[in-house]
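Undergrad: Generate coordinates for the entire structure from the input sequences, incorporating the hints supplied.
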Amino acid sequence: MKKCHITFQLNGRTCEVLVDPNQTLLSMLREDLSLTGTKYGCGEGDCGACTVLLDDEPVNSCLILAAQVDGHKLTTIEGLADGDKLHPLQTSFIDKGAIQCGFCTPGMILSAKALLDEEPNPCELDIRTAISGNLCRCTGYQKIVEAVKAVADDCQGEN
Amino acid sequence: MLLPKFDYNAPATLDEACRMMAGYGDRAKLLAGGTDLLIALKKKTVTPTQVVALNRVDEIKGFLSDGDGLFIGARTTAAEIALSDLGPAGQALTQAASQVGSPLIRNLATIGGNLVTAMPAADMAPPLLALQASVVLQRIGEQREVLLSDFFISPGEQVMLPEEIMSMIVLPRLPEGCGGAFEKLGVRKALERSIVSVAAVISLADDGRTIQGARIALGAVAPTPMLAQEAGAALCGRKATAKNFAVAAEIAAREAKPRGLRTSPVYSRLMVEQLTLRALTRALEAANL
Chain A
1 MKKCHITFQL
11 NGRTCEVLVD
21 PNQTLLSMLR
31 EDLSLTGTKY
41 GCGEGDCGAC
51 TVLLDDEPVN
61 SCLILAAQVD
71 GHKLTTIEGL
81 ADGDKLHPLQ
91 TSFIDKGAIQ
101 CGFCTPGMIL
111 SAKALLDEEP
121 NPCELDIRTA
131 ISGNLCRCTG
141 YQKIVEAVKA
151 VADDCQGEN
Chain B
1 MLLPKFDYNA
11 PATLDEACRM
21 MAGYGDRAKL
31 LAGGTDLLIA
41 LKKKTVTPTQ
51 VVALNRVDEI
61 KGFLSDGDGL
71 FIGARTTAAE
81 IALSDLGPAG
91 QALTQAASQV
101 GSPLIRNLAT
111 IGGNLVTAMP
121 AADMAPPLLA
131 LQASVVLQRI
141 GEQREVLLSD
151 FFISPGEQVM
161 LPEEIMSMIV
171 LPRLPEGCGG
181 AFEKLGVRKA
191 LERSIVSVAA
201 VISLADDGRT
211 IQGARIALGA
221 VAPTPMLAQE
231 AGAALCGRKA
241 TAKNFAVAAE
251 IAAREAKPRG
261 LRTSPVYSRL
271 MVEQLTLRAL
281 TRALEAANL
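In order, the protein sequence lines correspond to chains A and B. If you use our numbering, the first sequence corresponds to residues 1 to 159, in order. If you use our numbering, the second sequence corresponds to residues 1 to 289, in order.
Quick caveat, the hints were computed from the structure, so don't treat them as lab data. Don't be surprised by glycine CBs; every beta carbon is placed ideally from N, CA and C. Hints are supplied without guarantee of correctness; some may be wrong.
What the hints assert, rightly or not - A few chain A positions that, by computed beta-carbon distances, are all more than 12 Å from chain B: (1) N11; (2) S27; (3) L80; (4) T91; (5) R128.
Stated by the list, open to error - Which residues of chain A face chain B? A partial, calculated answer using Cβ under 8 Å: (6) C4; (7) H5; (8) G45; (9) D46; (10) S111; (11) N121; (12) P122; (13) D126; (14) A130; (15) S132; (16) G133.
TA: This is the structure we're talking about:
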């Protein structure tokens with residue numbers, strides 16, 4: 001098994017890593033780069049706890065080989081805050097009580113971010129569809145949808 | 001879950017990928033979207049010594065149309081297809097693509113992968129059968145085009161040789177006045193493997209009422225995705241009325257060959273009938289728009 005040398009953009013910085021060919025992107029993030037905000041849930045693409053943004057699109061990092069991100073752009077939950085200043089979605093999740101156990105939160109926020117980047121003023125169905133690959137075992141969907149909506153409404157207010 | 005040990009290959013062109021597959025044969029597995037392969041690797045149901053990733057092979061991604069029809073690169077994702085405008089008949093395919101897995105899965109899963117894995121419930125197979133699609137299979141210096149209706153053999157099995165790579169899906173140009181629709185039954189709205197799925201494509205004569213041709217395809221109710229040929233034939237030359245649609249739906253239900261794996265065969269057939277009726281009704285609306 002020959003190791004793979006990969007270079008990619010991680011949260012705005014160039015990153016060079018030597019990975020095993022049979023290593024998932026999720027395992028590289030958590031074990032090699034200590035970015036444990038990305039969670040390991042089901043390992044089969046069903047729960048969305050491992051969601052990351054690959055070239056700005058939300059994907060399951062448990063279903064991607066680390067070697068595949070060579071040359072691509074990656075955003076994890078750690079890349080959202082600007083220093084100590086949280087991303088508006090992060091603040092909104094806290095304000096609206098959209099976090100219970102917190103395990104689904106990074107994935108939820110990244111799926112929501114991808115939606116808002118594409119459609120700044122989504123309807124509720126857009127929001128529910130966008131997070132339909134992210135499961136909340138605490139079943140706190142209502143608050144999560146409200147938290148995303150609040151940010152969308154904020155954007156509208158600014159315009 | 002640890003993955004078996006393999007070497008990772010990332011060819012930059014289709015030609016290079018074909019050479020690799022010719023050399024490795026059945027020791028290698030092709031990696032496109034990975035939403036099926038990664039799970040199979042984790043479960044060790046496949047244990048290749050080589051993985052040939054296609055994510056740099058951009059020549060088999062995207063859409064191209066000419067006078068003969070539409071060509072969809074096999075690496076085009078479900079999300080890209082869901083967002084594309086494939087016309088009133090092609091809606092059958094865009095609607096199916098928009099219901100594959102979840103948004104996260106759709107950003108990875110490819111149309112080629114959905115066909116190559118040959119699952120009876122593959123969402124994009126029925127609309128492609130209804131649209132008379134064929135697939136182009138490539139190996140070194142040679143390519144062949146296979147009608148999708150001749151492609152599937154049994155669950156998980158299709159006609160491809162180990163060294164072949166699916167490069168594109170070909171949709172023949174359809175006449176004016178065609179419409180299509182896709183219907184899927186599951187127990188939830190996302191991340192659902194279909195219990196029954198139906199795609200219908202109809203073509204209307206100039207009067208806007210007489211059906212010139214109809215193709216109805218069923219998913220998850222037979223060992224492979226299948227065409228309900230008699231049901232489609234029963235509509236030819238008839239008027240597009242609720243009564244005629246009901247007759248065709250009943251025939252489609254009889255043609256289905258449910259094995260009772262996920263639900264009872266009786267229920268499967270009843271749902272084939274209902275979904276066929278809905279798909280035909282919506283296909284007619286699409287054709288008349």
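Undergrad: Next, verify each hint and record whether it holds.
TA: These are the hints, each one checked on the structure:
no.: 1; hint: N11; verdict: 19 Å, holds
no.: 2; hint: S27; verdict: 9 Å, violated
no.: 3; hint: L80; verdict: 17 Å, holds
no.: 4; hint: T91; verdict: 24 Å, holds
no.: 5; hint: R128; verdict: 9 Å, violated
no.: 6; hint: C4; verdict: 6 Å, holds
no.: 7; hint: H5; verdict: 11 Å, violated
no.: 8; hint: G45; verdict: 6 Å, holds
no.: 9; hint: D46; verdict: 6 Å, holds
no.: 10; hint: S111; verdict: 7 Å, holds
no.: 11; hint: N121; verdict: 18 Å, violated
no.: 12; hint: P122; verdict: 13 Å, violated
no.: 13; hint: D126; verdict: 11 Å, violated
no.: 14; hint: A130; verdict: 6 Å, holds
no.: 15; hint: S132; verdict: 4 Å, holds
no.: 16; hint: G133; verdict: 3 Å, holds
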